[in-house]
Amino acid sequence: MHIEATLITRHAEAEAVLADTRYVPPPVRQNGEEGTLAWLRAHVSRFSTGEPHAERRRALTDLLDGVDPAELRERARAMTEQRHGDWRGVPTQVLGSALGVADTSAVPAAAAGYLSGEESPQADAAVTELLKRAGLPAITLLLQGYAATEGLIANALERARPGDDVDTLLRETLAWHPPLTVTRRLDTLTGDEVTLDLVAANREAPGDHLTFGHGVRPCPAPAHALALAAGVLEGVLS
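If you read the sequence shown in the UniProt record's numbering, its first letter stands for residue 1, the second for the next number, and so on.
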């Protein structure tokens with residue numbers, strides 16, 4: 001079967017796709033052995049639809065209700081300063097501690113294929129380790145936040161100038177240099193794949209960026225991600 005691919009670059013069109021339930025994430029493998037990366041991807045909100053997505057997303061937001069973004073920001077700043085600006089891994093450690101996950105050392109290996117679906121023995125072993133230490137909602141937040149938050153910080157630091165206001169710097173980075181540049185959806189009516197160019201869409205309407213999603217599948221933790229990024233930037237730039 002021939003599948004058409006559509007690229008969307010206009011902000012209004014991208015927003016409409018993200019708000020329409022006919023567009024869903026491309027399906028992921030459902031028959032992975034329990035404890036593997038494939039199994040994990042089949043059981044998280046990001047790659048699910050309908051009621052399973054809603055239930056899994058509620059589990060994330062319920063868990064985050066007990067985490068104060070202001071405390072995350074302060075802890076991220078303090079840890080970054082203690083490490084003399086060596087900030088890599090700080091967001092994951094701070095968030096993990098807040099979620100009750102003391103050892104987050106397996107997160108990078110598990111996160112390596114989380115978005116792409118690229119499976120490996122290393123990723124599977126890391127997922128197995130994480131499942132010994134935390135429930136699926138906490139693991140989901142750690143994996144989803146790992147690349148996105150660190151990518152946001154790295155992009156912001158590339159743009160940083162002396163005297164920059166951290167919050168303004170993050171808003172500009174989210175709009176103009178987001179860590180996630182594209183997102184994909186499957187049109188359930190036609191079977192076609194739709195690719196949303198977030199960079200192009202954001203630059204058309206930077207004051208209303210789509211970096212944290214929109215419509216039926218928004219990011220569950222924008223305030224927490226921004227707090228972690230802001231704390232690290234304060235620790236590096238102070």
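No lab work stands behind these hints: they were computed from the structure.
Some hints here could point you the wrong way.
Pairwise CB distance ranges, derived in the manner of DEER restraints [unchecked claim]:
| hint | residue 1 | residue 2 | range |
| --- | --- | --- | --- |
| 1 | Gly191 | Gly100 | 38 to 48 Å |
| 2 | Pro218 | Ser238 | 25 to 35 Å |
| 3 | Pro162 | Pro52 | 46 to 56 Å |
All residues carry an ideal CB built from backbone N, CA and C; glycine is no exception.
_To test your reading of the hints: which numbers does this structure violate?_
When the structure is compared with the hints, none of them turns out to be violated.
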